[in-house]
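Going by the working numbering, the first residue of the sequence shown is number 1, and it counts up by one from there.
Heads up, a few of these hints could be off.
Claimed, not checked - Straight-line distance between alpha carbons at most 25 Å, and here's what the computed SDA-like set of lysine to any residue pairs gives: (1) Lys142 - His454; (2) Lys144 - Lys388; (3) Lys420 - Phe560; (4) Lys538 - Pro385; (5) Lys137 - Pro385; (6) Lys144 - His452; (7) Lys391 - Trp326; (8) Lys391 - Asp422; (9) Lys388 - Pro407; (10) Lys144 - Ser115; (11) Lys257 - Pro385; (12) Lys391 - Ile159; (13) Lys388 - His452; (14) Lys142 - Tyr445; (15) Lys525 - Ser574; (16) Lys525 - Trp535; (17) Lys538 - Pro592; (18) Lys538 - Leu435; (19) Lys388 - Ser449; (20) Lys566 - Arg552; (21) Lys144 - Pro312; (22) Lys257 - Lys538; (23) Lys137 - Ser438; (24) Lys137 - Phe267.
Since the hints were made in silico from the structure, they are not lab data.
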Amino acid sequence: MNTLLLLGSIGFLGFLCQWLSATVKLPAILFLLLSGILIGPVLGIFDPNAVFGDLLFPFISLSVAVILFEGALTLDRRELKEIGSPAQRMVTIGVLINSGVITVATHYLLGLSWSLSALFGALMVVTGPTVIMPMLKTVRPKSKIGDVLRWEGIVIDPIGALFAVLVFEWIAVQNSSAELTEVFLVFSGTVFIGFFIGITAGYLFGLLLRHHWMPEKLNNFGALASVCFVFALSDGLMHESGLLAVTVMGMWLANMKGVHIDPILEFKEDLTVVFVSILFIVLAARLDFNGFSELGWSALLILLVMQFVARPLKVVVSFLGSDFTWQERAMVSWIGPRGIVAAAISSVFALRLSELGVQGAELLVPLAFLIIIGTVVIQSLTARPVAKLLKVALPSTQGVVIIGANPFSVQVANALSAIKVDSVICDSDWEKLRLARSEGLRTYYGNPSSEHAHIHMDLAPYGKMLGLSSHFEYNIAQANSFREDFGARGIFSLAPNQDTKRFHKHVVASHKGARILFSEALSYKNFNNRISEGWRVKTTELTDEFNFERWRESNPDAIFLFVRNKDGQITFNSTDMVVFCESGDLIAYFSPV
1 MNTLLLLGSI
11 GFLGFLCQWL
21 SATVKLPAIL
31 FLLLSGILIG
41 PVLGIFDPNA
51 VFGDLLFPFI
61 SLSVAVILFE
71 GALTLDRREL
81 KEIGSPAQRM
91 VTIGVLINSG
101 VITVATHYLL
111 GLSWSLSALF
121 GALMVVTGPT
131 VIMPMLKTVR
141 PKSKIGDVLR
151 WEGIVIDPIG
161 ALFAVLVFEW
171 IAVQNSSAEL
181 TEVFLVFSGT
191 VFIGFFIGIT
201 AGYLFGLLLR
211 HHWMPEKLNN
221 FGALASVCFV
231 FALSDGLMHE
241 SGLLAVTVMG
251 MWLANMKGVH
261 IDPILEFKED
271 LTVVFVSILF
281 IVLAARLDFN
291 GFSELGWSAL
301 LILLVMQFVA
311 RPLKVVVSFL
321 GSDFTWQERA
331 MVSWIGPRGI
341 VAAAISSVFA
351 LRLSELGVQG
361 AELLVPLAFL
371 IIIGTVVIQS
381 LTARPVAKLL
391 KVALPSTQGV
401 VIIGANPFSV
411 QVANALSAIK
421 VDSVICDSDW
431 EKLRLARSEG
441 LRTYYGNPSS
451 EHAHIHMDLA
461 PYGKMLGLSS
471 HFEYNIAQAN
481 SFREDFGARG
491 IFSLAPNQDT
501 KRFHKHVVAS
511 HKGARILFSE
521 ALSYKNFNNR
531 ISEGWRVKTT
541 ELTDEFNFER
551 WRESNPDAIF
561 LFVRNKDGQI
571 TFNSTDMVVF
581 CESGDLIAYF
591 SPV
């Protein structure tokens, strides 16, 4: 096949895998790896060594550097303090427990040296948000379980990567130096160079951002160029220090005061999707089936040890003294799929160690890929049934994602909270969220359809979306984003402002994106004006004597918002359906004081 066509096809195949992942709600890594195996060792269409030649290792290394930098940007030490003791232990002492158990199992079951076993144990501590989040959407466990698993995936990414890099550097130095003293000196030099360049680069780039010395439109490009340069510079000064340098650089930037990295993080998240998609197809295409056959049944035994020994032991120790029930701890123990960082770093390390002549290094990649595929497949298929068996899965949820922070949306959220319905108000304006925060309501600062929200925002408690922002087009854009999660019947928006020539065109278009709330004649402007006149959201319970008709007679000017029936189901008043209310139902409405 023509090389240009082949390279273009790989990018398109990666896009199709990501699309399929979003559709079926399974981790994309599974489809990427299977696609690479299909076009590589199975069909023989794509041979990365032949296509890339001498550029293969630099391409993989730079791709991994970008992935690690993006992961490190998410490690805010303030968040580490807020995630609770169990999650903190899981990403600290839990890392050592998990790594230790896997190291011993790999050494005795597979016969690898202690150093290679320790490296594999270090690689297998990382779960990662890209495999955890799709699984949580499918499983929908209790919020406290989802919070621990989500934060573990976010925080353990850079911590686990840093741990694995340090172990790798120790092994690399051991195999390039003869005497123990020299090993310590070279290792110390490698770590020093990596930390020094990483901290220096992070600080200098942070100054550029803090003082706006660089045109804002170049911030993202500058970040990417800096990561590539820092990796190459550090690795050039001291072999194997480049990955450490970019990881430290990302951590430093994430925790530097007065530095706004959200746009860079969003850019890096998008870029990482591209790199991951192409990288994993390339890595999977390099797999040698002889390596799989050489592993034999030992790889399966290691997978069982990880699932039934290492992970549960880690959770038992991490959750000592917590208020989690045994069922909740068991659910956390069951979910721990390995993902992107483990596969990417194992490939880089295996290539480098093979060059150094380390015996058994070629087994790292097939072993890592088998563990990744095994954990993702097993846990994706069984996690929901296990959650139901343990009775930790959420029932059909009535929670509401509210788009737009304003006085009306805050009142709606308060009304939902009063009847024990979860809600979260999302807005990209920190000041607009002030009122919601002061009321003690749950908020999300940022774009709720961004990759950051996909990782940090737990959608398990929610089943509906209300577009209550002042911008109709923004409401519809968010509606289209959430349609995949909540379905067409769970997406609502206020009507657009009534511009007589534009109105009907917008309403027709809106039916494709969201159901119109309350009335086509009631836009955000109408509710905002009534708020200034003293209107408030109220609730009342209907009875046989005070039915919906009697309520309407008593409140002729009121706007009916939603009803919660006796079964706890929430139905919002929309223009495309008639809502029936019975005795015992609780209704919410907007009316003058």
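- lysine 144 and serine 115: Cα distance at most 25 Å? violated (37 Å)
- Assess, step by step, whether the Cα of lysine 388 is no farther than 25 Å from the Cα of proline 407, and give holds or violated. violated (39 Å)
- Item | Pair hint outcome, lysine 538 versus proline 385 [Cα-Cα no greater than 25 Å] | violated (40 Å)
- Task: For the pair we were handed, lysine 388 and serine 449, check the Cα-Cα distance against 25 Å.
- Result: At roughly 29 Å apart (the allowed maximum being 25 Å), serine 449 and lysine 388 break the hint.
- Decide if the proposed pair is consistent with the structure: lysine 391 and isoleucine 159, CA atoms, cutoff 25 Å inclusive. violated (32 Å)
- Message: Holds or violated: lysine 144 and lysine 388, Cα atoms, limit 25 Å.
- Response: With a Cα-Cα distance of about 16 Å, the restraint between lysine 144 and lysine 388 holds, given a limit of 25 Å.
- Under the criterion that the straight-line Cα-Cα distance not exceed 25 Å, is the pair lysine 391, aspartate 422 satisfied? holds (20 Å)
- Message: So if I understand the rule, the pair passes when the alpha-carbon distance is 25 Å or less; does lysine 142 with histidine 454 pass?
- Response: At roughly 18 Å apart (the allowed maximum being 25 Å), histidine 454 and lysine 142 satisfy the hint.
- Query: Does lysine 538 pair with leucine 435 here, judged by a C-alpha cut-off of 25 Å?
  - Reply: Roughly 18 Å separates the two Cα atoms, so the pair holds.
- Taking only the CA atoms, is the gap from lysine 137 to phenylalanine 267 under or equal to 25 Å? holds (24 Å)
- Query: Given the hinted pair lysine 257 and lysine 538, is their alpha-carbon gap at most 25 Å?
  - Reply: violated (43 Å)
- Task: Sort out whether serine 438 lies within 25 Å of lysine 137, counting only the CA atoms.
- Result: violated (29 Å)
Checked against the numbered hints listed earlier, the structure breaks hints 4, 9, 10, 11, 12, 13, 19, 22 and 23; every other hint is satisfied.
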